[in-house]
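Peer 1: Spelled out, the chains give:
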Amino acid sequence: MNPTPALIIMVAAVFTNNILLANFLGMCSFLACSRQIDTAVGLGAAVVFVSTATVVLNHVIYYQVLVRWDIEYLQYIVFIAVIAAFVQLVEMFIERFSPVLYFSLGIFLPLITVNCAILGSSLFMVIREYSFAQAAGFGVGAGLGWALAIILMAGLRKKMLYSNVPRPFQGVPLVMIITGVMAMAFMGFTGMVSIQ
Amino acid sequence: MGPLEGRGKETLLEGLWNNNPIAVQVLGICPALAVTNKLSTSAVMAAAVFFVMTGTTTIVSSMRRIIPQRVRLITQMAVISTLVILVDLYLKAFHFEISRQLGPYVALIITNCTILGRAEGFGLQNNVPLSALDGFSNALGYGTVLLVLGATRELLGSGTLLGTTVLHESWYKPNHLMVLAPGAFIALGFLVAAYKAIKGPEEEEEDTP
Amino acid sequence: MQNSAYTIIFSAIVGIICAAVLVGADMGTEKYIKANKEAEKDRNIMEVLGISYPKDATSPELVEFFEKKLEERSIDGLKVYEYSEAEDGTAIAVLFRGSGVWGPIKGVLALEPDLRTIRGIAFYEQEETPGLGAKIAKEAFTSRFKGKKIAPTDGGRTDAGMKITAPGQAGGPREVDGITGATMTSDRVEKMLNNVISDIVAKVNGNV
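Chains as they are written, first to last, in the numbering used here: chain A, 1 to 196; chain B, 1 to 209; chain C, 1 to 208.
Chain A extracted, bound-state conformation (with noise of 0.2 Å):
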């Protein structure tokens, strides 16, 4: 049973292990999304409740029926199956109750099933062995830290707007490469989880 309680899983899912900066995941949307910072804001909060949600999900199911059952090997097609129905869910109670967030996220809810950070931090939480607490806060972390990443992405974006950017480096290159740069930047946080 690893010790580490599930809140400094949590901090440094967003800081130092940030799913996105660290471990690359979730890029489509992210550079689709980043533009404006309320649709980053807006997606940004949906991924952090299906992150969450479909993390404690899928290890309920793994650990209750897939280990059981010895059919490990099924956990893909039954992560994104969960993550899908999961989606779908989300999209149907928004378009009910807030049909104007419904309409400016558009296509962009349905994207968040192939968003390969919410699959990874599932994966992740297999591999890592994490206990039902700190897969809720991975959850969580993994999820504020790819919303984290996308607003301050976005936020960027719109101060460059009026910048003179050499033609081949306008839109993916510059993006790409400030992404860099502030993964180097969040690598600095990683002395940051200290000691208790």
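Check the hints yourself; a few may be wrong.
Computed footprint of chain C on chain B; a stretch qualifies when at least three of its residues, placed anywhere within it, have a C-beta under 8 Å from a C-beta of chain C [claimed, not checked]:
| hint | stretch |
| --- | --- |
| 1 | 62 to 72 |
| 2 | 84 to 96 |
Taking beta-carbon pairs under 10 Å as the criterion, some of the chain C residues facing chain A (in silico) [unchecked claim]:
| hint | residue |
| --- | --- |
| 3 | I8 |
| 4 | A12 |
| 5 | K55 |
| 6 | V101 |
| 7 | E127 |
The set of hints was computed from the structure by calculation and includes no laboratory data.
Virtual Cβ for every residue (Gly too), placed ideally from N, Cα, C.
Take the given structure of chain A and dock chains B and C to it, following the hints.
Peer 2: Chains B and C only, in chain A's frame:
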């Protein structure tokens, strides 16, 4: 006209250069960044994606007339997941070392937006030979970027290529950053910039950055 | 085609086909994967003991080679691998695992025939922070253990155990320098090492 309906060459070029999945469509980047710190893992990942992508577009296209509307997405995901698990099991059985190094990133091919995008955007509308070719050329374009990125990062980051030292320690101090996360982002950024510079301006420029 | 019954039947058939393909693939590859995992474990043990093995052997061949060279014994629940062709007697290796900071850490500890001196140690699975805690897997760290003692050599059993000190502060034969900036990982490693050490000292002594 033949089964390719005369669009064979166009389809091939699209996936490989004009509409390269990574450089232009900007899809499926996650694994591209994660496993390209070495050329060997990049090559295996490229091969895995190749198998899954070509397989998916072919299978989806052959089923396109019988898939009910409501379960379209789920069916595609099922096909992709099955193929990915097959690849994963194969690697674990016959190439254990490499499978260890690739870690969870083989499984993440499932969420590779490129594959789903091509299946949905092309495979569902076109016949089997064309779809197979489309999957093939997109996979080729994707794989090429992976290989170039992998070679660049390994060369600059460790001075080696496929494990053998090329840039000797005596005069080249490896830029360790290239092997870590930030280096991956920056290297890809410059790579895509180079691609855009070579390709030339497009008709419609999106407002940037 | 919008017929609900058709949708359900279609989904069921697709589901069954996928499941069948996967179960088949799993059954077909199961024994290879098991052999690979077994061979990997065996390779780790042999490397730590310093036994040379054919580098390009297949997994089943490696497992066979391993079983010829080493004997596996279970002493009081502790699994010990005995290598009787060491220079002065029987060296042993014990697998251990514990919780690192970010995930499980698995390793092998090999002892000389005197059962007190460390012949070698390796950490073959860990999820620690790259560049910091992850350095425990590197030779620079593991080589510090070679020749160190796990317990007092005068036969005392009650205060067996080692200490991982701050870098540069290791003094006696039972102390090893830790890694700068990886205090938590070093602490966890020390704890899991002492766990397996007290197990070995309690169970293996005099039984070999």
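Peer 1: Each hint needs a verdict: does it hold in this structure or not?
Peer 2: Hints, verified against the model:
no.	hint	result
1	62 to 72	holds (count 6)
2	84 to 96	holds (count 8)
3	I8	violated (16 Å)
4	A12	violated (15 Å)
5	K55	violated (28 Å)
6	V101	holds (6 Å)
7	E127	holds (6 Å)
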